[in-house]
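Visitor: Here is how the chains run, residue by residue.
6 protein chains.
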Amino acid sequence: MFARLLAPRTTVSAHCDLPCGVYDPAQARIEAESVKAICEKYQSNEDPVFRTRALIIKEQRSELVKHHLWVLWTDYFKPPHFEKYPHLHQLFNEATKLAGAAGGKGTVDPAEAQKLLDKIAEIDTIFWETKKAA
Amino acid sequence: MFARLLAPRTTVSAHCDLPCGVYDPAQARIEAESVKAICEKYQSNEDPVFRTRALIIKEQRSELVKHHLWVLWTDYFKPPHFEKYPHLHQLFNEATKLAGAAGGKGTVDPAEAQKLLDKIAEIDTIFWETKKAA
Amino acid sequence: MFARLLAPRTTVSAHCDLPCGVYDPAQARIEAESVKAICEKYQSNEDPVFRTRALIIKEQRSELVKHHLWVLWTDYFKPPHFEKYPHLHQLFNEATKLAGAAGGKGTVDPAEAQKLLDKIAEIDTIFWETKKAA
Amino acid sequence: MFARLLAPRTTVSAHCDLPCGVYDPAQARIEAESVKAICEKYQSNEDPVFRTRALIIKEQRSELVKHHLWVLWTDYFKPPHFEKYPHLHQLFNEATKLAGAAGGKGTVDPAEAQKLLDKIAEIDTIFWETKKAA
Amino acid sequence: MFARLLAPRTTVSAHCDLPCGVYDPAQARIEAESVKAICEKYQSNEDPVFRTRALIIKEQRSELVKHHLWVLWTDYFKPPHFEKYPHLHQLFNEATKLAGAAGGKGTVDPAEAQKLLDKIAEIDTIFWETKKAA
Amino acid sequence: MFARLLAPRTTVSAHCDLPCGVYDPAQARIEAESVKAICEKYQSNEDPVFRTRALIIKEQRSELVKHHLWVLWTDYFKPPHFEKYPHLHQLFNEATKLAGAAGGKGTVDPAEAQKLLDKIAEIDTIFWETKKAA
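Residue numbers (numbering that gives the first Met the number 0), protein chains in the order written: chain W, 0 to 133; chain D, 0 to 133; chain S, 0 to 133; chain E, 0 to 133; chain L, 0 to 133; chain Z, 0 to 133.
A few of these clues could be false.
Copies of the same chain look alike in the list, so a pair counts if it fits in one copy or across any two.
Stated by the list, open to error - Each computed SDA-like pair below joins lysine to any residue, with the alpha-carbon atoms no more than 25 Å apart:
#, residue 1, residue 2
1, Lys77, Tyr41
2, Lys77, Ser43
3, Lys131, Tyr75
4, Lys114, His88
5, Lys114, Gly20
6, Lys77, Thr106
7, Lys130, Pro79
8, Lys83, Ala100
9, Lys77, Ala100
10, Lys114, His66
11, Lys77, Trp127
12, Lys77, Val107
13, Lys83, Phe126
14, Lys114, Tyr75
Everything labelled a hint here was simulated from the structure, so no lab data went into it.
Between the sequences and the hints, there should be enough to build the whole structure, so can you do that?
Guide: So this is what it looks like as structure tokens:
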């Protein structure tokens with residue numbers, strides 16, 4: 000909690016298409032944390048109703064991960080960012096693929112969900128570097 | 000950024016209805032920051048197309064604020080929390096009202112949007128107290 | 000309930016956030032009737048395709064129940080109502096919990112769905128009392 | 000609850016695609032009441048923010064009217080109904096057109112919204128006749 | 000179908016409710032192709048996670064088929080069309096039923112999905128005839 | 000149906016995340032045609048209700064353009080495609096930006112909407128080249 004006090008809440012910035020200027024990779028990360036938690040709960044519960052519900056919800060949460068990442072890629076990042084970080088396009092393409100059939104949606108393996116979280120962490124690092132530089 | 004390194008990303012916890020156990024008031028706060036930023040941009044731009052778009056998007060963002068708050072109120076908080084924090088029901092009721100016609104949706108005044116952010120900050124404080132106590 | 004007979008179907012009033020002034024607990028009740036009917040059909044049909052579809056649809060209908068109840072709680076009911084009915088906050092909190100993982104979404108037991116309908120009936124009674132008093 | 004037995008119109012019955020068997024024209028009617036109320040409020044309030052919000056919300060509510068009517072037409076009514084009521088197809092087509100650009104969405108005239116309500120009332124009458132006959 | 004070769008892809012015209020004047024039965028057809036492909040994949044893959052995901056997605060795609068067809072029926076086709084093609088109402092009613100519980104949603108049989116595609120092809124033929132005549 | 004064999008662009012194929020294997024850039028194009036038509040109608044109609052409705056609907060249609068393009072970029076195109084077409088990432092990034100605040104959403108200029116259609120046409124050409132090569 001102490002860390003939160005030092006990191007003022009105003010560091011967030013553009014995520015709608017006005018644009019309002021508030022973006023934060025935390026939106027994608029929170030949904031991906033949910034995907035991973037659902038995978039873990041799926042593995043430890045064999046009740047068929049629970050498992051079907053887990054798949055229904057994981058499908059929705061994975062779609063939200065993809066959406067939040069797409070918004071960052073199209074709306075927040077600008078040509079100078081892509082020049083400075085030449086692998087950024089590929090990074091987003093891999094991250095969104097990992098949230099889809101090849102990962103978040105298609106598997107129930109927490110390790111696959113962790114790979115998605117790792118990709119989002121890479122994006123998060125670049126995001127905050129560009130915010131500091133702005 | 001240093002603070003973020005110290006604040007491990009696993010502090011998040013339940014926001015879908017499995018439940019996955021990942022909740023974070025940051026979801027409501029980010030949307031409310033957007034509402035406030037839209038109000039500010041609305042005030043400083045008289046182009047009618049821009050202003051109409053601002054109202055369209057603010058309506059959506061305010062609805063998301065309400066939704067994220069409702070989820071916390073119904074899904075995260077349990078009877079013992081409401082016993083310990085007797086004003087918690089009213090706090091959520093006021094916060095969601097402030098995100099609707101009486102505030103986030105109905106006005107274009109940044110000061111009203113700030114009141115909404117302040118209410119969310121109150122909820123955030125209680126949320127993290129209950130997480131620490133868990 | 001007697002009031003309903005005298006006050007024909009046109010007495011409805013506010014459910015969007017303009018606000019338009021048209022509210023009616025029937026919206027939540029109809030979706031909850033659907034949840035109960037789905038539970039009953041689930042119990043009497045062992046076809047796996049049917050059962051998975053039942054869970055998909057029940058998840059959506061339960062979410063609609065929660066949404067319609069949240070709208071009543073935040074948008075229709077005002078401070079004087081909460082003063083007059085001190086248990087109203089708790090009633091809504093319990094009803095929306097019953098529509099989620101703890102009931103409508105999480106179970107396939109018609110008896111649980113009936114409990115949700117009973118809670119909505121309690122809310123409905125209070126709603127129409129406040130309409131008469133207005 | 001006794002009153003409910005006397006008020007047969009509240010006997011809900013199929014509106015999802017399981018199908019659960021709960022249908023009720025009240026869903027379309029409540030949204031159409033909202034459309035009409037929004038038109039009235041629009042006429043009596045010249046504030047540009049309010050008026051834009053009214054149009055945003057009326058667009059959504061009109062879409063819901065169309066959706067609820069389409070569901071009744073496709074999912075509830077069966078070939079024998081269309082034989083017995085040969086104008087039923089046209090009635091639904093006219094009602095959904097009245098909820099769109101030609102009426103609910105395209106105008107801010109309460110009289111147009113009333114025409115939509117009248118069409119829904121015609122559908123409602125036929126609906127309950129078929130329920131009684133079932 | 001010959002008309003389509005002569006009428007290149009830019010002949011599209013009205014599918015929103017402004018109306019913008021861009022309509023194209025291809026929207027319904029693409030979703031129905033997806034429904035059929037999902038049925039085929041379901042039949043050839045017994046993995047329970049895959050099968051549940053197939054049912055979740057097929058439910059969504061079938062709903063989109065219904066929606067796109069309803070829009071054509073209510074928004075594109077006008078009274079003179081219904082006079083010229085007296086079975087058009089029934090054709091749309093059957094097609095949307097085939098996309099619901101009685102077909103696209105309720106079965107996993109590619110042959111049922113093909114029946115839906117055939118109905119859409121009938122609608123497509125009439126649609127392009129009316130476009131040529133306009 | 001013979002005509003369909005001759006008209007290769009109608010051979011639809013993967014657009015959901017099962018994946019079903021049905022993709023078609025026509026989905027993005029149809030929505031973008033709508034965006035352009037709305038801009039044209041906006042320019043030639045000064046009624047304030049009509050203009051506000053045009054902006055509301057254009058915002059939705061532009062969002063659909065972005066969504067359909069993102070799905071192609073993440074789900075259809077694979078690493079070998081990005082190797083063969085090195086500018087493909089940038090092309091999609093520019094196209095989705097043109098559908099957002101910088102174009103489809105932010106302007107009411109048909110010429111801007113035409114630029115979006117041109118970008119989609121470039122993507123369409125590459126898409127069908129890769130389909131032929133598959």
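Visitor: Each of the hints needs a verdict: does it hold here or not?
Guide: Against the structure, the hints come out as follows:
{"no.": "1", "hint": "Lys77 x Tyr41", "in the structure": "between (39 Å within a copy, 23 Å between copies)"}
{"no.": "2", "hint": "Lys77 x Ser43", "in the structure": "between (43 Å within a copy, 24 Å between copies)"}
{"no.": "3", "hint": "Lys131 x Tyr75", "in the structure": "within (14 Å within a copy, 34 Å between copies)"}
{"no.": "4", "hint": "Lys114 x His88", "in the structure": "both (18 Å within a copy, 22 Å between copies)"}
{"no.": "5", "hint": "Lys114 x Gly20", "in the structure": "between (29 Å within a copy, 20 Å between copies)"}
{"no.": "6", "hint": "Lys77 x Thr106", "in the structure": "between (33 Å within a copy, 19 Å between copies)"}
{"no.": "7", "hint": "Lys130 x Pro79", "in the structure": "within (13 Å within a copy, 33 Å between copies)"}
{"no.": "8", "hint": "Lys83 x Ala100", "in the structure": "between (30 Å within a copy, 23 Å between copies)"}
{"no.": "9", "hint": "Lys77 x Ala100", "in the structure": "between (28 Å within a copy, 13 Å between copies)"}
{"no.": "10", "hint": "Lys114 x His66", "in the structure": "both (18 Å within a copy, 24 Å between copies)"}
{"no.": "11", "hint": "Lys77 x Trp127", "in the structure": "within (14 Å within a copy, 28 Å between copies)"}
{"no.": "12", "hint": "Lys77 x Val107", "in the structure": "between (35 Å within a copy, 23 Å between copies)"}
{"no.": "13", "hint": "Lys83 x Phe126", "in the structure": "within (12 Å within a copy, 28 Å between copies)"}
{"no.": "14", "hint": "Lys114 x Tyr75", "in the structure": "both (23 Å within a copy, 21 Å between copies)"}
The structure agrees with every numbered hint stated previously.
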